[in-house]
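Novice: Below, each chain spelled out in residue letters.
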Amino acid sequence: MAAAIMPLHRPGTSLLHRTGVGTKFLLVFLFALAVSLQRENVWVVLGAWALVLLGHLAAGVGVTGLLRRLWGLRWILIILTVPQLIFLDPQTTALNVSRVVAVIMVAGLFTLTTRTTDIMTAFDRALRPLGRCGVDTSRISLALSLTIRSVPVILAFSSQIQEALRARGRRVTPKALVMPLLVMSLRHAEETAEALAARGVR
Amino acid sequence: MTPPAGPQHPTTPEASTSGSDARPYEALVAGPATASVRGVAQMAMFAALVGVLGQPFAIPLIGGVPVTLQTLGVMLAGAILGPWRGAGSMLLLHALVAAGLPLLSQGSGGLGVYAGPTAGFALGWIPAAFVIGLITQWRWPLAWWRTGLGVTLGGIGVIYLCGIPVMAHQLGLTLTQAAFASAGFLPGDAAKAVIAVGITHALIRAYPAPFTWARRR
Chain A
1 MAAAIMPLHR
11 PGTSLLHRTG
21 VGTKFLLVFL
31 FALAVSLQRE
41 NVWVVLGAWA
51 LVLLGHLAAG
61 VGVTGLLRRL
71 WGLRWILIIL
81 TVPQLIFLDP
91 QTTALNVSRV
101 VAVIMVAGLF
111 TLTTRTTDIM
121 TAFDRALRPL
131 GRCGVDTSRI
141 SLALSLTIRS
151 VPVILAFSSQ
161 IQEALRARGR
171 RVTPKALVMP
181 LLVMSLRHAE
191 ETAEALAARG
201 VR
Chain B
1 MTPPAGPQHP
11 TTPEASTSGS
21 DARPYEALVA
31 GPATASVRGV
41 AQMAMFAALV
51 GVLGQPFAIP
61 LIGGVPVTLQ
71 TLGVMLAGAI
81 LGPWRGAGSM
91 LLLHALVAAG
101 LPLLSQGSGG
111 LGVYAGPTAG
121 FALGWIPAAF
131 VIGLITQWRW
141 PLAWWRTGLG
151 VTLGGIGVIY
161 LCGIPVMAHQ
171 LGLTLTQAAF
181 ASAGFLPGDA
191 AKAVIAVGIT
201 HALIRAYPAP
211 FTWARRR
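Residue numbers (the UniProt record's numbering), protein chains in the order written: chain A, 1 to 202; chain B, 1 to 217.
To be clear, the hints were calculated from the coordinates, so they are not data collected in a lab. Be aware that a few hints might be false.
Below, a sample of chain B positions facing chain A; criterion: calculated Cβ distance under 8 Å [claimed, not checked]: (1) Gln-106; (2) Gly-110; (3) Leu-111; (4) Tyr-114; (5) Leu-153; (6) Ile-156; (7) Gly-157; (8) Leu-175; (9) Ala-179; (10) Leu-203; (11) Ile-204; (12) Pro-210; (13) Ala-214.
A quick note: this is a predicted structure, and the numbers were derived from the prediction, not measured. Backbone N, C-alpha and C fix where the C-beta goes; we use that ideal spot for every residue, glycine too.
One chain only, chain B, in its complex shape (with noise of 0.2 Å):
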């Protein structure tokens, strides 16, 4: 956020002592928020908005078939936030969900999706969101084929690689099966890379501010 200057810019009299910061009156009084407050409120925002990305209400149907956008919020995650508040805001929505709020996909949740068939998967959210933003703030500014890989890898890749494992040992399956019964999700998956691309480039032009990880390297 960039204070606008100029002396002609009318502020409080308590504002205008400290300089031309055009602040609201207590932000000036406390301080601006740390990056560490800052990183605490955007990993819960991002947690409770993969939330509410599964939630059936919040999920548009295309082509008459219901599809849940939760994994394209955890790209968002990694690609938006970095590796670690990527990361870190999973964690947060997964320990909530451990305690029973039904933020996953059609409102499940509880310890019941733990023993599940798509633990795994929903497990691999985790280090696929950090494995996102490692590669796609690799370096500012940020480069289309680098998201488009961090993305592909990460959130494809990262996620499959955590989920079939599990999935072919609840069912009794062998890798390659497991592999198999899961390959019918991944056309949607990789839609939604595609537009997770789109979003994090267009995001970096309407509001650029939450890029910090990249910036700061």
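With the rest of the complex left out, here is chain A (with noise of 0.2 Å):
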């Protein structure tokens, strides 16, 4: 069985939820640059923290999926502060890691309350402009929907071939996983854009 992806949008009717994509991006985009712009100002920090427990809160997620969303975060927590432990001193570390997380917090609360689907919709209404250029739009737009749908059908691919090969008593190594994956793939490509030409896309 393939597992899912699943998006990381939590559905809800709260504040943050109901406002527009394009009000909310505003928003993420002038925090980020706000702190960065105070990135030595402690009490800068302090209050994008304050912020993030807030916008977790008004998201209803809770302190709970405020813990859940920094577990998700280990990697990127390790990431951050064992280099700057070997360089800076600990003061500086703390500092430099919890505004990072803090931005890291707000920019997810963007993903968390705005729904995949709305996100796609703002993109096409940001690429109209292109189309007066003379860019084929409506090719970007199939070419994302087909991505979302060759996800589920790639993840199929990979645990059949990751089946067969413990069946077969192999490893599981890159080159073993990648190869068949690939030539899997590029012939599903092959079939998705023949069926495409049959419905007439040109």
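Could you fit the two chains together into a complex? Lean on the hints.
Specialist: See the structure below:
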């Protein structure tokens, strides 16, 4: 069985959920900019964390949701902390790490409270000026939805190959996994192209 | 795809009127897929493939250490699809990650990725795939040394060139310190470059259809 990929969006009806995609994106961008301009200021970092806490409460995920997201960031935390502890003193490290994690968490709030389909619609709208310059934007939308469609297909290929390797008592090495995965996926792309052509997509 | 010629090949009546093409009936009616449609399908597929290679259950353990194969996927995207389609597939992947799909390593995704210390490495995949494709598919047939040069310069050089400054900025380190900090990933990336060259040249024998950019030149 192929495990499904779950979108990071959490459904809800809070104020954050109801704010428009463009507004929310702009707010996150301005927040990230402000924090990175005031990077040495302890109060800015504390304020950012207050905003993270408030945002998670407002989004309806609560403190447990916040802690679960922090746990999801554990690898990033290691990548952030270890090199800094080697080169910098502990106080600067603590300030840096908490600042970066706060920005990641606020940006994550955008993802948590915005439906993927809404973001895709916003993409389409943002691409519209390109259409006036002669770019075929329907091609881009087609490519995006084809990618979403291809993910479960390739996941299924991947688990099929891994099962076959185990059944033959072989170890799952990168080459043994990727080579057949590539051939199966490229064949699938060819079939998709032919199916699209059969439906009149030129 | 070369249609097998020969009158002894049994085909449907519709097919036999239009020559000895053994394609399925629907494909004959609508005509074969154009290069543009095929390109879109290949880019979408590669974007999805690199996303899948980052998922926890698609990651093999090597000596007990989990190895993400995403950069291997990036190298292959450039080497197989050529510069434009390779870079295009990485752009697609990033659009979907920004839209909230967890397609980066260990199932991470969303806008938060671009605020993190590894954002430069991930965004570097776009120019990396372009450089890899440009060097690898410079001429047909592909040469081993050129593929090796492409995946090393593009898949390691360009990615580190994009990643290290962002990491240094995020962590408040100097460029040299950040370079030292990311040097730990170098052995793994070198191994992936070797595997990428092997897979690319094995694919030329097994399934040469996608290498269109090199052959058009």
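Novice: Under 8 Å, Cβ to Cβ, is where Gln-106/B needs to be relative to chain A, so tell me if that hint holds or is violated.
Specialist: Gln-106/B check passes; min Cβ-Cβ to chain A is 6 Å, inside 8 Å.
Novice: Should the hint that Leu-111/B touches chain A count as held when the rule is a Cβ pair under 8 Å?
Specialist: Since the shortest Cβ distance to chain A is 4 Å, the answer is holds.
Novice: Per the CB criterion, is Tyr-114/B less than 8 Å away from chain A?
Specialist: 7 Å, holds
Novice: Using 8 Å as the Cβ threshold, decide whether Leu-203/B counts as touching chain A.
Specialist: 6 Å, holds
Novice: Report holds or violated for the interface hint on Leu-153/B, using the least CB-CB distance to chain A and a cut-off of 8 Å.
Specialist: At 21 Å from the nearest chain A Cβ, Leu-153/B fails the 8 Å test, so the hint is violated.
Novice: Taking the closest Cβ pair, is Ile-156/B under 8 Å from chain A?
Specialist: With a minimum Cβ separation of about 16 Å from chain A (threshold 8 Å), the hint on Ile-156/B is violated.
Novice: Report holds or violated for the interface hint on Ile-204/B, using the least CB-CB distance to chain A and a cut-off of 8 Å.
Specialist: 12 Å, violated
Novice: Is the interface hint for Gly-110/B satisfied, with its Cβ closer than 8 Å to some Cβ of chain A?
Specialist: 3 Å, holds
Novice: Could you check if Pro-210/B really has its C-beta closer than 8 Å to a C-beta on chain A?
Specialist: Nearest chain A Cβ about 6 Å off; hint holds.
Novice: Hint validation: Ala-179/B versus chain A, beta carbon distance must be below 8 Å. Holds or violated?
Specialist: With a closest approach of 10 Å, the Ala-179/B hint is violated.
Novice: Just to be careful: measuring from the Cβ of Ala-214/B to every Cβ in chain A, is the smallest value less than 8 Å?
Specialist: 15 Å, violated
Novice: May I ask you to test the interface hint for Leu-175/B with respect to chain A, counting a Cβ-Cβ separation under 8 Å as satisfied?
Specialist: 12 Å, violated
Violation of the numbered hints given earlier is confined to hints 5, 6, 7, 8, 9, 11 and 13; the remaining hints are satisfied by the structure.
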